[in-house]
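Mind docking chain B on chain A? Use the hints.
Just so you know, the sequences run in chain order A and B. Start counting the first sequence at 1; every next residue gets the next number (the numbering used here). Start counting the second sequence at 1; every next residue gets the next number (the numbering used here).
No lab work stands behind these hints, which were simulated from the structure alone. Possibly wrong hints are sitting among the right ones.
[To be verified] Listed below are several chain B residues computed to face chain A (Cβ distance under 7 Å; list not exhaustive):
1) 173
2) 177
3) 184
4) 208
5) 266
6) 313
[To be verified] Pulled a few chain A residues facing chain B out of the computed Cβ check, cut under 8 Å:
7) 42
8) 123
9) 126
10) 148
Quick reminder that beta carbons are idealized off the backbone N, C-alpha and C, glycines included.
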Amino acid sequence: MKVELADHDGGAQARISGPIDADAEFGALLDGRWRELRLDLSGITMITSPGVRRWMRFVAEVPAGVAVRLERCPPVFINQVSLISNLLGSAQIESLFIPFLCPACEAIRDVLAPARELDASALPEVTCEACHARMELDVLEEQYFSFLKE
Amino acid sequence: MARGSARVLMVSAEDRGMEAAGHILQAAGHHVTELQIGAEVFKWLRMHHAEIVVVDLHVDEQAAAAQTELLAVVRQTAGTDLLVLIRGRDGGPAPTRGLFQNHRLTHFLAVGGDGTIDPIALTVTVAKILTRDIFGSERYLAASASEWTARVRSSGERAAVGDAAWAFALQSKCHPEIARAFTTAVDELVNNALYNAPADRAGKPRFSHLSRSTPVTLSEAEEMLLRLSYDGRRLCISASDPFGSLRPAQVLDCLSRCFTGGEDQVQQGDAGAGIGLYIIFNFVHHLIINLVPEQRTEVIGIIDVGRSYRDYMRRSRSFNLFVGRAP
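Isolated chain A, as found in the complex (with noise of 0.2 Å):
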């Protein structure tokens, strides 16, 4: 796993890419000088169960009062979210990937969206780029978006 930090106004700016497995290393974000981690998660590939817990080791360790936001969250993060219910911890996802099938072409195509603005009703409406035709959603509603009951 790597990150790469960057100081934002006192808060980490940081973009997290690779497999979060055994050998993930969160310690350049606990170090105390932050009041804010946004983390970017688009770069990650999998999450592994020695993963799961090194992850949630992390956001337990978080001093208190250091707001956490989880910005483009893949769906390889957002799948781990409904199966591990304490996966989240006090964190909390601004921004994820929703993947969506093109049911003409097949095309498939990972759309960001506002955490904030979802809910089952107002899912944003994506064209196919390849042939302009409506999109669907290619997830379980109820499972995908499960994080939003919390």
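For chain B alone, coordinates are given in the frame of chain A:
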């Protein structure tokens, strides 16, 4: 009765019954009796013997008392095994939490909303229950399946195995998220074989206490065999180790605990079957665990690639836990 055939009692909860499953088992040479759940079933069980009772369980509703009673009666009947068929409501996946928590089922197979069932999964499951000849993933796939195999001895090989699994899954032209799920399941199984399975002569785990970032190397006799297959419809993982250290009760306890989703769902420093098994169960459509205690474990995961990622998510999960004779 012909060799390899059995008397099968099929108990359905309602009129729509299990015609497809009944036809498949009859075609496989079994003697099938179909009854609707009720007093007639208990009367039949007092007067006849069935090697297998197949129950159509409605897990998406409050489990009816008759169903629960039937499961209990079958499980207490010597020489009778229980196979449960499950179907979800409105095309969604059947909830499986209660199957582990309430019923501690070791065999359940998914049925489509229209009553269809995978004939291969059904006939292979019944044959394995009857014969206790349990090992091998080939029988779940078409004979023409392409295959990639590796013998894994060292934690240093995990990255290369992961890359190979990813490339193998993509050959099927499946959705990238399905390829990620497949690759993650492979990684979990390799970690399990390297860290959780190895035990000393007294049965004590050798490496399960280690961080998964600590290197381990097994001897040649201890290596795991990993087989990835694809038959044009299904992606399959088979991971086999020569330890047989997984325990049936441990598997059911783990899945039951993880499905509860409580504070102890993820245990830090988890040894043995833990959240990894739960992740594999959810990432594949059919999880099969074959084991002979202290001799061999084989874990098989099958994904029906389907047309879309939504189809992959919607499909109900199947599960078998076989305890067999030595290969």
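Legend entry - Residue hint residue 148 (chain A), partner chain B, criterion CB-CB below 8 Å: violated, 17 Å
Legend entry - Status of the residue 266 (chain B) interface restraint (C-beta, 7 Å, chain A): holds, 6 Å
Inset, instruction - For the hint on residue 126 (chain A), just tell me whether its beta-carbon gets within less than 8 Å of chain B. - result: violated, 14 Å
Inset, instruction - For the hint on residue 123 (chain A), just tell me whether its beta-carbon gets within less than 8 Å of chain B. - result: violated, 13 Å
Legend entry - Evaluation of the interface hint that places residue 177 (chain B) against chain A, nearest CB under 7 Å: holds, 5 Å
Inset, instruction - Report holds or violated for the interface hint on residue 208 (chain B), using the least CB-CB distance to chain A and a cut-off of 7 Å. - result: This hint is violated: residue 208 (chain B) lies away from chain A, its Cβ roughly 12 Å from the closest one there, beyond 7 Å.
Legend entry - Hint check, residue 184 (chain B) versus chain A [nearest Cβ-Cβ separation less than 7 Å]: This hint holds: residue 184 (chain B) lies near chain A, its Cβ roughly 5 Å from the closest one there, short of 7 Å.
Inset, instruction - Hold the hint about residue 42 (chain A) up to the distance rule: shortest CB distance to chain B must be less than 8 Å. - result: violated, 14 Å
Inset, instruction - Closer than 7 Å between Cβ atoms is the bar; does residue 173 (chain B) clear it against chain A? Give me holds or violated. - result: violated, 10 Å
Legend entry - Hinted contact residue 313 (chain B) with chain A - closest CB pair below 7 Å: With Cβ-Cβ at 5 Å, under 7 Å, it holds.
Checked against the numbered hints listed earlier, the structure breaks hints 1, 4, 7, 8, 9, 10; every other hint is satisfied.
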